[in-house]
Amino acid sequence: MPKIHVTDWSGTEHVIEARPGTSLMEAIKHAGIADLAAICGGCCSCATCHVYVAEEWLGRLPAQEEDEYDLVSDTEVYRANSRLSCQIEVTDALEGLRVTIAPEE
61 MPKIHVTDWS
71 GTEHVIEARP
81 GTSLMEAIKH
91 AGIADLAAIC
101 GGCCSCATCH
111 VYVAEEWLGR
121 LPAQEEDEYD
131 LVSDTEVYRA
141 NSRLSCQIEV
151 TDALEGLRVT
161 IAPEE
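So the sequence shown is numbered by the working numbering: it starts at 61 and just counts up by one.
Please keep in mind that the hints were generated in silico from the structure rather than gathered at the bench.
Everything numeric in this text was worked out from a predicted model, so none of it was measured.
There's no promise every hint is true.
What the hints assert, rightly or not - What follows is a list of derived Cβ distance ranges for each label pair:
(1) 120 <-> 75: 12 to 20 Å
(2) 92 <-> 123: 26 to 34 Å
(3) 63 <-> 136: 29 to 37 Å
(4) 152 <-> 118: 14 to 22 Å
(5) 114 <-> 77: 16 to 24 Å
(6) 134 <-> 75: 28 to 36 Å
(7) 81 <-> 163: 26 to 34 Å
(8) 105 <-> 136: 14 to 22 Å
Glycine included, C-beta positions come from ideal geometry on N, C-alpha and C.
Generate coordinates for the entire structure from the input sequences, incorporating the hints supplied.
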């Protein structure tokens with residue numbers, strides 16, 4: 061299982077193991093990191109699983125779909141490296157991925 065580095069709101073880094081085939085959102089929630097609300101449960105309808113992906117990883121992830129971009133870019137905390145963790149499928153290629161949980165608006 062790939063290890064993923066997740067930084068929470070306090071700046072604490074958690075190294076979690078994520079099961080391939082699940083979403084990054086599911087992996088973060090399963091690890092017990094409470095800062096990720098994920099209210100819609102992964103339906104790409106709320107942007108409460110918003111994360112910032114480390115710059116060096118952006119080109120290694122699948123491109124954002126339009127609905128994901130629309131949701132995340134409409135937040136007050138949007139950045140060019142913003143993604144919804146529910147839209148990132150965990151694969152072995154994500155070993156070492158670094159993300160930071162975006163603050164609530």
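Outcome of the hint check:
The hint said 12 to 20 Å for the Cβ distance between residue 120 and residue 75, and at roughly 18 Å that hint holds. Roughly 30 Å separates the CB atoms of residue 92 and residue 123, a value that falls within the hinted 26 to 34 Å. Range check, residue 63 to residue 136: Cβ separation about 31 Å, and the 29 to 37 Å hint holds. In this structure the hint that residue 152 and residue 118 lie 14 to 22 Å apart at CB holds, the actual value being about 19 Å.
For residue 114 paired with residue 77, a C-beta distance near 18 Å keeps the hint of 16 to 24 Å intact. Here the CB-CB span from residue 134 to residue 75 is close to 31 Å, well matched to the stated 28 to 36 Å. With their beta carbons about 29 Å apart, residue 81 and residue 163 fall inside the hinted range of 26 to 34 Å. Taking the beta carbon of each, residue 105 and residue 136 are about 18 Å apart, inside 14 to 22 Å as hinted.
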